[in-house]
Amino acid sequence: AQSVTQPDIHITVSEGASLELRCNYSYGATPYLFWYVQSPGQGLQLLLKYFSGDTLVQGIKGFEAEFKRSQSSFNLRKPSVHWSDAAEYFCAVLRNSGNTPLVFGKGTRLSVIA
Amino acid sequence: GAGVSQSPSNKVTEKGKDVELRCDPISGHTALYWYRQSLGQGLEFLIYFQGNSAPDKSGLPSDRFSAERTGGSVSTLTIQRTQQEDSAVYLCASSFPGGMNTEAFFGQGTRLTVV
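First to last, the sequence lines map onto chains V and H. Quick note on my numbering: the first sequence kicks off at 116 and runs consecutively. Quick note on my numbering: the second sequence kicks off at 4 and runs consecutively.
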């Protein structure tokens, strides 16, 4: 069965510091990969996605993620965090064949301190 | 509509009552998903529709949960004889099927509180 692991439940960073949120997936082939953000009281918003091609993908709000096939990882990064980035971040995968649902990790809560 | 619409946005119900949660997907999206998000938990997959059929019901937690979709559009998630552990935010998402258009768009969710 495919699964998604986000090892960090909660991360705290200082405003202006860099950020990396980890995501590992378990699936035999390369799935479609996504990062979503959920701000307090808000719905889920897609940050970026990887389907194929360039393994470094750029998203909204200055985020990027890098797909590493050898590590089955799709880590999310941002060079300089803003206080408004405080939110819950979810990694998700979708098998690239057949009718299957998105499988989400349990999320990483990001806190930003001054 | 412009986005995925869910109603009601909030629902408080007494234990043992039945509730219906509605999802109106983006026009043209044939895939529809229901998820449950409990406090401090991730997104738990419940059921997936492709058109009006549900090829994957594996996530429904018990036979008190059911869902239907009519006309390939609106979906209703029904919880019978609600229990306190059913309290959660129920999220609906829709997408095109397969290929490059598998990005799912989420509604704002229905916050269900069972008292």
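Simulated from the structure, these hints should not be mistaken for laboratory data. Treat the hints with care, as some may be off.
With a straight-line cut-off of 35 Å between C-alpha atoms, the simulated DSBU-like cross-links for lysine-lysine are [to be verified]:
{"id": "1", "chain 1": "V", "residue 1": "K176", "chain 2": "H", "residue 2": "K18"}
{"id": "2", "chain 1": "H", "residue 1": "K14", "chain 2": "V", "residue 2": "K221"}
{"id": "3", "chain 1": "H", "residue 1": "K20", "chain 2": "V", "residue 2": "K183"}
{"id": "4", "chain 1": "V", "residue 1": "K164", "chain 2": "H", "residue 2": "K18"}
{"id": "5", "chain 1": "V", "residue 1": "K164", "chain 2": "H", "residue 2": "K14"}
{"id": "6", "chain 1": "H", "residue 1": "K20", "chain 2": "V", "residue 2": "K176"}
{"id": "7", "chain 1": "H", "residue 1": "K20", "chain 2": "V", "residue 2": "K164"}
{"id": "8", "chain 1": "V", "residue 1": "K164", "chain 2": "V", "residue 2": "K221"}
{"id": "9", "chain 1": "H", "residue 1": "K14", "chain 2": "V", "residue 2": "K183"}
Structure-based check of all given hints:
1. As the CA atoms of K176 of chain V and K18 of chain H are separated by approximately 42 Å, the hinted pair breaks the 35 Å bound.
2. For the hint linking K14 of chain H to K221 of chain V, the alpha-carbon distance of about 24 Å falls within 35 Å, and the restraint holds.
3. Straight-line distance between C-alpha atoms of K20 of chain H and K183 of chain V comes to about 48 Å, which puts the hinted pair past the 35 Å bound.
4. Pair hint K164 of chain V plus K18 of chain H does not hold up; C-alpha atoms about 40 Å apart against a cutoff of 35 Å.
5. At most 35 Å may separate the alpha-carbon atoms for a hinted pair to count; K164 of chain V and K14 of chain H meet this at roughly 33 Å.
6. The hinted pair formed by K20 of chain H and K176 of chain V fails the criterion: a straight-line CA distance of about 43 Å is larger than 35 Å.
7. For a cut-off of 35 Å, the pair hint linking K20 of chain H to K164 of chain V is broken: about 40 Å separates their Cα positions.
8. Between K164 of chain V and K221 of chain V the CA atoms are separated by roughly 18 Å; this keeps the pair inside 35 Å, and the hint holds.
9. Taking the CA atoms of K14 of chain H and K183 of chain V, the gap is near 42 Å; set against the 35 Å cutoff, the hint is violated.
Checked against the numbered hints given earlier, the structure breaks hints 1, 3, 4, 6, 7 and 9 and satisfies all the rest.
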